[in-house]
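Chains A and B, in that order, are what the protein sequence lines are. Residue numbers for the first sequence follow numbering that gives the first Met the number 0, beginning at 0 and rising by one. Residue numbers for the second sequence follow numbering that gives the first Met the number 0, beginning at 0 and rising by one.
No wet-lab data here; the hints were simulated from the structure. Cβ atoms here follow ideal geometry from the backbone N, Cα and C, with glycine treated the same way. It cannot be assumed that every hint is accurate.
Computed spacing ranges between beta-carbons, pair by pair [unchecked claim]:
#1 L34/B x A107/A: 41 to 47 Å
#2 V233/A x R32/B: 34 to 40 Å
#3 L235/A x L34/B: 18 to 24 Å
#4 P38/B x L235/A: 21 to 27 Å
#5 L34/B x D28/A: 31 to 37 Å
Heads up, incomplete: computed chain B residues facing chain A, CB under 7 Å, no partners named [as the list claims (entries may be wrong)]:
#6 A4
#7 P6
#8 Q19
#9 L51
#10 F53
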Amino acid sequence: MFGDYEAQRHWMEITVNLPINDWYRPCADNDLLYWGLDYPPLTAYTSFIFGSVARFLVPELVALRDSRGYESVETKLFMRMTVLVADAVLFMPVMFALSKQLADREAAAIGSRQSVTASSSSSLSPGQYFLYATTCLLAPGLLLIDHGHFQYNSVCLGFSLLALMLVSDDSRQQTLVLSTRDIVGSICFCLALNFKQMTLYYAPVFFVHLLRKALSGVSLYKGVGRVCQLGCTVILSFSVLWLPLCYSYSFDGYSSCAATLRQVLHRQFPFSRGIFEDKVANIWYALSVVADFRQVLDQTQLVLCSLALTLLLLLPTCICVFVHSSIDIEGLLLALMGSSLAFFLASFQVMLA
Amino acid sequence: MLVAATPLLVIDPIYYCWVQLLGLFSMHPLLVRDLLRMPYWLCGAVHILLVLLFLDQRRGNAKSSEQRGGSLFVSSGLGRAVHYCFGSEQIKISFIALSCVG
Numbered sequence: 000m001f002g003d004y005e006a007q008r009h010w011m012e013i014t015v016n017l018p019i020n021d022w023y024r025p026c027a028d029n030d031l032l033y034w035g036l037d038y039p040p041l042t043a044y045t046s047f048i049f050g051s052v053a054r055f056l057v058p059e060l061v062a063l064r065d066s067r068g069y070e071s072v073e074t075k076l077f078m079r080m081t082v083l084v085a086d087a088v089l090f091m092p093v094m095f096a097l098s099k100q101l102a103d104r105e106a107a108a109i110g111s112r113q114s115v116t117a118s119s120s121s122s123l124s125p126g127q128y129f130l131y132a133t134t135c136l137l138a139p140g141l142l143l144i145d146h147g148h149f150q151y152n153s154v155c156l157g158f159s160l161l162a163l164m165l166v167s168d169d170s171r172q173q174t175l176v177l178s179t180r181d182i183v184g185s186i187c188f189c190l191a192l193n194f195k196q197m198t199l200y201y202a203p204v205f206f207v208h209l210l211r212k213a214l215s216g217v218s219l220y221k222g223v224g225r226v227c228q229l230g231c232t233v234i235l236s237f238s239v240l241w242l243p244l245c246y247s248y249s250f251d252g253y254s255s256c257a258a259t260l261r262q263v264l265h266r267q268f269p270f271s272r273g274i275f276e277d278k279v280a281n282i283w284y285a286l287s288v289v290a291d292f293r294q295v296l297d298q299t300q301l302v303l304c305s306l307a308l309t310l311l312l313l314l315p316t317c318i319c320v321f322v323h324s325s326i327d328i329e330g331l332l333l334a335l336m337g338s339s340l341a342f343f344l345a346s347f348q349v350m351l352a
Numbered sequence: 000m001l002v003a004a005t006p007l008l009v010i011d012p013i014y015y016c017w018v019q020l021l022g023l024f025s026m027h028p029l030l031v032r033d034l035l036r037m038p039y040w041l042c043g044a045v046h047i048l049l050v051l052l053f054l055d056q057r058r059g060n061a062k063s064s065e066q067r068g069g070s071l072f073v074s075s076g077l078g079r080a081v082h083y084c085f086g087s088e089q090i091k092i093s094f095i096a097l098s099c100v101g
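Please take these sequences and the hints and turn them into a complete structure.
Pasting the structure below:
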């Protein structure tokens with residue numbers, strides 16, 4: 000019954016009506032079996048912001064309990080508008096900027112292969128650039144999978160692409176230096192990761208790329224210092240986003256706070272749903288036609304198998320990123336493709352949630 | 000995966016269009032289950048149209064560049080193959096065929 004639209008609406012209902020530490024745990028007003036919140040905290044905060052606006056504009060959309068399954072023209076319009084706002088504020092500008100960067104880069108590459116007089120014609124005209132950017136924004140995967148299923152995926156994708164632009168080695172004088180851009184890029188990627196766990200698809204590439212930058216061209220002591228700097232950035236970003244979930248606990252309730260955070264983490268990786276579902280065409284689904292591993296292995300073994308196979312498929316991409324002295328934005332995009340393909344094909348399907 | 004492939008269209012439109020369509024095909028059973036069979040075909044057709052249009056315009060750029068003494072913007076083997084196969088007539092035929100599908 001219902002789909003992702005109802006899930007997103009329900010999360011608005013939950014976040015605006017319940018105290019923050021009840022968002023992820025079952026209680027009288029939060030039945031987790033009914034589209035319980037199972038995305039990271041930034042999604043919850045976004046739902047809270049949109050839900051707060053909905054309280055004024057379409058209060059029936061977020062009425063506790065009574066709004067379940069409720070749909071009207073106004074509520075649908077509001078929900079669609081929130082997606083468009085998220086697209087317009089984050090995803091579209093980032094995609095336009097990335098497209099521009101790639102188009103300029105390609106034009107420069109072509110120009111360098113051509114004579115000086117011909118190089119001017121190798122760059123995209125405004126019309127061509129608009130067509131290129133439109134083609135990117137109207138990509139069928141984005142329209143059907145991300146928007147068609149009513150997800151705010153554009154937020155995490157926008158943050159991921161922004162992080163990519165910041166940490167890539169393009170237009171740098173000194174590519175080996177870990178700069179402020181890399182730190183800001185790390186924060187952006189943490190935001191993406193905290194919006195949707197699916198962004199873990201990209202994590203190995205970011206990790207290996209930044210690790211290489213941190214360790215390159217300096218002594219081990221300095222390199223470790225840089226890694227610590229990045230580590231602190233990640234820990235701080237996660238702390239800012241996760242600790243508010245413990246807000247209502249007093250200091251003597253530390254164990255309860257830890258339990259809440261454990262519950263939030265547990266909600267995001269529902270392994271009990273099985274290694275695949277919903278006919279997503281990964282390796283496990285394809286193999287089930289020949290041999291169904293679910294009949295032979297228990298859940299823990301399946302998790303370990305899928306982890307091992309995912310790491311194996313990730314290895315070539317990660318090695319490639321690590322050994323290259325400098326990786327431009329095209330190289331990083333290709334690495335992201337390889338990494339996400341490895342996860343899509345071999346990881347436990349909860350990663351697709 | 001697909002969002003990372005999308006901006007790379009400018010590097011090699013045909014190859015990354017193929018990646019998009021192949022990636023989308025892997026979700027075909029899910030989309031059919033969700034009664035999105037028609038949007039699946041429509042979105043795929045629109046994407047091909049846009050890529051062909053973009054490719055055609057880039058070819059126009061390359062031609063004018065070539066006339067002024069520069070080489071083609073496509074220097075890779077695949078790029079040359081695309082240049083050879085997708086003359087304006089072929090693009091027109093593709094447009095008509097895809098319009099019929101749409």
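Problem set entry | Those earlier numbered hints the structure runs against, lowest number first | 3, 4 and 9
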